[in-house]
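Generate coordinates for the entire structure from the input sequences, incorporating the hints supplied.
Going from the sequence shown to my numbering is simple: count from 1 and add 31.
These are computed hints drawn from the structure, not numbers from a lab.
Check before you lean on any hint, since a few could be wrong.
What the hints assert, rightly or not - In silico lysine-lysine, DSS-like type, Cα no more than 27 Å apart, as pairs:
hint, residue 1, residue 2
1, Lys237, Lys168
2, Lys133, Lys168
3, Lys63, Lys133
4, Lys168, Lys76
5, Lys89, Lys101
6, Lys89, Lys168
7, Lys237, Lys101
8, Lys76, Lys237
9, Lys237, Lys162
10, Lys63, Lys76
11, Lys101, Lys63
12, Lys76, Lys89
13, Lys89, Lys133
14, Lys76, Lys101
15, Lys244, Lys89
Source: prediction; values computed, not measured.
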Amino acid sequence: MARVLLVDDDASLLDVLSLAFTDAGHEVRTAKDGREAEAIVLREKLDVVVTDVNLPHKDGFSLVRELRAKGHTLPIVLLTSRDTEVDEILGFDLGADDFVSKPFSTRALLARVSALLRRDTKTQGIVEGAKPITSGKLAVDVERLAATYDGQPLVLTLTEHRILEAFVRRPGIVLSRARLLELGRGDDGVVDDRLVDTYVRRLRRKIEMLDAKFEGIETVIGAGYRLRS
Numbered sequence: 032m033a034r035v036l037l038v039d040d041d042a043s044l045l046d047v048l049s050l051a052f053t054d055a056g057h058e059v060r061t062a063k064d065g066r067e068a069e070a071i072v073l074r075e076k077l078d079v080v081v082t083d084v085n086l087p088h089k090d091g092f093s094l095v096r097e098l099r100a101k102g103h104t105l106p107i108v109l110l111t112s113r114d115t116e117v118d119e120i121l122g123f124d125l126g127a128d129d130f131v132s133k134p135f136s137t138r139a140l141l142a143r144v145s146a147l148l149r150r151d152t153k154t155q156g157i158v159e160g161a162k163p164i165t166s167g168k169l170a171v172d173v174e175r176l177a178a179t180y181d182g183q184p185l186v187l188t189l190t191e192h193r194i195l196e197a198f199v200r201r202p203g204i205v206l207s208r209a210r211l212l213e214l215g216r217g218d219d220g221v222v223d224d225r226l227v228d229t230y231v232r233r234l235r236r237k238i239e240m241l242d243a244k245f246e247g248i249e250t251v252i253g254a255g256y257r258l259r260s
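Now the structure itself:
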C-alpha cells in the first residue's frame with residue numbers, strides 16, 4: 032500500500048480517482064489546489080503525487096518546481112488537458128517523473144503510478160550497508176537515494192537518480208534510449224526520444240552546475256548515450 036496525494040480542482044474527477052486508488056489498495060490524500068498540495072507534502076510522508084497542471088493558486092508546474100527546489104524527490108505524475116510538446120517537455124524539465132494527458136483511463140494511470148512505486152521498492156530493497164557505486168568523480172548510493180560528483184551532493188529526482196545509476200554501473204557501455212527508459216522508470220513500452228533526451232539533458236545540467244567542464248555523458252548518434260570511462 033502506498034500513500035498517494037491526488038491533486039485536482041475538478042471535484043468529480045477527484046472522487047473518481049480517489050475511489051480507483053483506494054480500491055487498488057492505496058491510502059489516499061486529496062487537495063484541490065497547489066497551495067494545499069504543497070502544505071500536505073511538507074508535513075506528511077507520501078510515496079507519490081498525482082497532480083493536475085491547471086490548478087488555482089499554484090499550478091502543477093509551479094508545484095513541481097518548488098517541491099524539487101526544496102529537495103523533495105518523491106515521484107510526481109502530471110495530468111494535463113493541454114496536449115502540447117512544450118507542456119510535456121516543460122513538465123519533465125522541471126522534475127516531473129511522468130506525464131499523462133487527459134482524457135485517460137484510470138487503469139492506465141494506476142499502471143503508471145505502480146511502475147514508479149515498483150521502481151522505488153526495488154531501490155529500498157538494497158541490502159543494508161551496501162557501498163556506493165562509483166565511476167570517476169560520480170558516486171551513487173543506491174540504498175540512500177543519494178548521489179555526489181567529486182564529493183558534492185547532487186539533488187536528483189527518482190528518475191534522474193535511476194538513470195545516473197544506470198550510467199555509473201555501466202561506464203563505457205552505450206545505452207539506448209529504450210534501455211535508459213526501462214532502467215530509469217521501469218518502462219519497456221513505447222519510447223519517446225524527446226522524453227529520454229530531456230532526462231539526460233537535465234542530469235547533465237545538474238552535474239555541470241558543479242563542474243562547468245563536465246562532458247562525461249556522451250551522445251552516441253543513432254545509438255543512445257554512454258558514460259565515458
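Which numbered hints are broken by the structure, listed smallest first? When the structure is compared with the hints, numbers 2, 4, 6, 15 turn out to be violated.
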